[in-house]
Amino acid sequence: MSDRGGRGGFGGGGRGRGRGGSDRGRGGSDRGRGGFDRGRGGYRGGRGDGGDRGGGRGGGDRGGRGGGFRGRPRDTTMALAFNVNGSFPAADTAIMELEDRVIRAHASGAGLASQMSQVSISGPTLQAKSSDVFPVRPAFGSNGQPVTVWANYFAIKAKPVTLFKYTLDFVQVGSETADSGESAGDRAPAMSGTREVKGQKLYFAARELIATLKAEDPSLVLATEFKSQLVSLQKLKLATNPVRLRLPVEPNSSRADIIEAKIHGPAEAPLEALLGFIATMNDGSGDGVYPKYPEAVDALNVILGYGPRSRLHDISAVGSSRFFPFGADEATSNLFQDWRQLIAARGFFQSARLGTGRLLLNANVSHGVFKASGRLDQLFERFHIQPVQSSDHQSKRRIKSFAKFLPKTRVWVDMKISNGQQVRRTKAIHGLVSQSELSRPSLDNKLKFAPNFEYPGPKHVQFPLKEASGRVRYITVFDYFREKYRMTLKDLPLLNLGKAEKPTLYPAELIEIQPGQAVKAKLTMGETTAMLDVACRTPYSNALSISGDGRKTLGLDDGGLSGFGLTVDKTLLTVQARVLKVPTISYVNNQQKRTDVGPSNGSWNMRNVRVIKPGTMIERWTFLNIMKRSDSPLIEVQTMKDFAKFLNTMGIRIKEAPITPGDGKMFTTWDRAMDDGLENFFKWATSQKMQYVIIVLTEKDSQGIYPKIKSLADCVFGIHTSIVTSKHLLKPNNFMYYANVGLKINLKMGGVNHRLRDELGLLKEGKTMVAGYDVTHPTNMPSGSGKDAPSLVGLVASVDSDCGQWPAVSWEQSSKQEMLSDRLVEAFKSRLDLWQKHNKGQYPDNIVIFRDGVSEGQFAQVLEKELPSIREACRAKYPASQGKPKLSIIVSVKRHQTRFFPTSTEAMSDSGNVRNGTVVDRGVTQARYWDFFLTAHHALKGTARPAHYTVILDEIFRIKYKAAAANELERMTHELCYLYGRATKAVSICPPAYYADIVCERARAHRPEIFDFSDSESVSTVSRGSSGSASRQVHEALKDSMYYI
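Start counting the sequence shown at 1; every next residue gets the next number (full-length UniProt numbering).
Honestly, the hints are just simulated from the structure, not real lab data.
All C-beta atoms in this analysis are idealised placements derived from N, C-alpha and C, irrespective of residue type, glycine included.
Errors might be hidden in some of the hints.
[Said to hold, decoys possible] Pair ranges (Cβ atoms, derived): (1) E1009 with K459: 37 to 45 Å; (2) K884 with K235: 46 to 54 Å; (3) K552 with K490: 35 to 43 Å; (4) D283 with D596: 30 to 38 Å.
[Said to hold, decoys possible] Here are the simulated SDA-like pairs of lysine to any residue, each with C-alpha atoms no more than 25 Å apart in a straight line: (5) K829 with K865; (6) K552 with E225; (7) K157 with Y306; (8) K416 with Q514; (9) K490 with P407.
Put together the whole structure using the sequences plus the hints.
What follows is the structure, given as structure tokens:
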């Protein structure tokens, strides 16, 4: 049991209790004397904030981070509602009338006959009627209190022109060397063969192509995204193809690269047909085609992005849709944490979308992470970066953190060329000059380093200098610049702007980092906190930014769009919304009688109530302290008894006293836990037949102990665990934290925390299973490892009409593959078996599935590739006597850019947002398709992000509820958001989708050798092929539980 074979805990050794004992007594047993009388003001249960890591990192917009405002003053714009000249325009009645006409046309028999053509979707077991696939919206919802809200959309007016879309290939075929003014050392070597054009050179090549084409035909109206697409208002008449381009290597340089641009196409994108569709929601092409007119929309986005992309030195374009101003208009904040020179920048997202009766431009505030720009010597001085000796390990760690983002950084270098001309050149940093890298025997760079300097300064490196006489002498970088340029260099690390094989050394004083270089990397916890502070802005502030700075950054008023016949309205749209009725929550009281609780602002408390259904009695449980420092405060047995006593007052069945080893020492050190202490502890816990283990961390997890605990407990030993922090347990009267942990414990043990008083019509019969599944992909992985990391699938399903228990299954599939493989068949069978087990041997008659996270372009793939697997699972399980179940599939999306803002202070929450329960299904949707936006939660701060739901298959709601189907689906989705088991508040995304996402995150934690969970600079590398993780399945003892919560 003990690592030392005797007394001393689980790898901990004997530790004196010292002063910590009495302090902990005041925090622990004193709370017992005060009792747990929730009648004194009650407590709120879990806030949905970050799992059971012992503090967590928050649940973001899903239900609030629960952490207040980190000491910042309250933002006064929370009390303001955005308006234009003191008022707001009414929602466009002409658009609403058109929407109603579209619905009436589809509701009529003639309308249905004309609209419902056969859908071409492959799959032997699809077996869906054409009217069930991408079903017609049965009606607009009508339930709830009507309200007008702003939407972050502008209307686009377009002329019925035809756009011609070309694809581009750029290849470098040669180079012209200098014929004067530059020495041979300044010239690029002659090129052999061809080379793909990449990076910023690709941008300049596309820009040169536009200039060349316009020079040949000034009447051309062109746009490009400066990579591979070209949009023209006229069909090009090319004299030659490919087009040969001469691209100067640098300004004022006689050297040039010779580029050939091959132009393919065109594909025609007639806006007349698109405009005809949005005016009628009928184009005669069949409703199985979704989304509509992708080529035309893509061409519009190229045109819309051309203006801001053309301003290379003022705007940084990130991805296909985000634009960040730098220079005079920039809005940046330092994230300087952990010696990393990163900044946060505010920019704007834009994307063209189809609405009913109008083209729309979705515009939103966006935030990104970038490299700090400016003079490198000043950055060095700000971070106290100096040359580092080999023996100074602390300084080496710091300088490595600083240098992490230097490679490939674009910089300007001020230099003199051989004719004496002062020039500014663009170069890329290879990295800091490192003695261990540049002194490798395989390199013949003839550099000499001063002893013991790993990261040398200008006085510590010598290079061979050939003098006019032909004599070669070694000279330090410091002396070279003093003699040749009369510069006295600072004692700062040197930079290599060449390669390891052929280094080019530069002092920091001559280097300036160019602005606008985006960083795609995992942020540390400190950086994440700082980033959230920057990005957390009120609806009023965001609406103001979009209407003002956003239009300027995106060039919506510059006139450049008019050449294509496009204009963007000046004012954001208003749309009709409705605020749905809040459901009532049911618990039981001390006499086990139902007690109802009414939510306020989307949340409620558990004063004088107990969970509706306790889980399995916890007879045998224990705990373990994991210490970071020798003076860390430990949790004693009495505190854990107090905690168990509190759980019993919540109705959670647990024995009051934890089981402890003979020596009674329930602690180990952090280092020993990461080695073999945890394994030893869990072996002992298994031998004692423990049902539950509580791990107490004395500090927040910053070194990846969470995934080690969860992979051991969930997969190896099969024991439920919760991870808590000692400071929260020791805080007097911290009932909210106790309840938060208690709710998760009850769920893991099979309990149900609360129900809806008024059961949902579809669910109360006990014949409808609700399922959700999601796929998570490897992101921000270490260089060279992401291609091997698997994507992970999480599937959950309800087991009865309570919708309180959602057991899960997860598995791996090919990296970055969104569509599920055939493994879905067996996984879905397992969910059907669990339902049967809990429902007297019967399978569900209806199955409502929430598919999380797929893009609009993948909707049809869900029906083509995943639906047949679900059908196959049902076919294999259902007896002939019961028949096959009816299915509905709703895609839920939370990572989108639609936002809504209140139009008046009377119709907004105390954080300045639309009220919880706000649903929008018109104004910014396509009336033909069945979708809606729902803000179910109360956002504590920032701007609330609604969830977007789209019905892609329906065999249930329209048949059962007919014209009321939209109301019923909106009500069910909204009220399910109040059944998220670990929180006493409504969450922003429907629980089956939310739970599936959490299952995926837990699956990542089960694979720490692939997915890094530490908060440090270093990142785990992938075990090639991940053979060790392929069998990382949840233990048999936990697989039918909510182990992941």
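When the hints from earlier in the document are held up against this structure, which numbers fail?
-> 4
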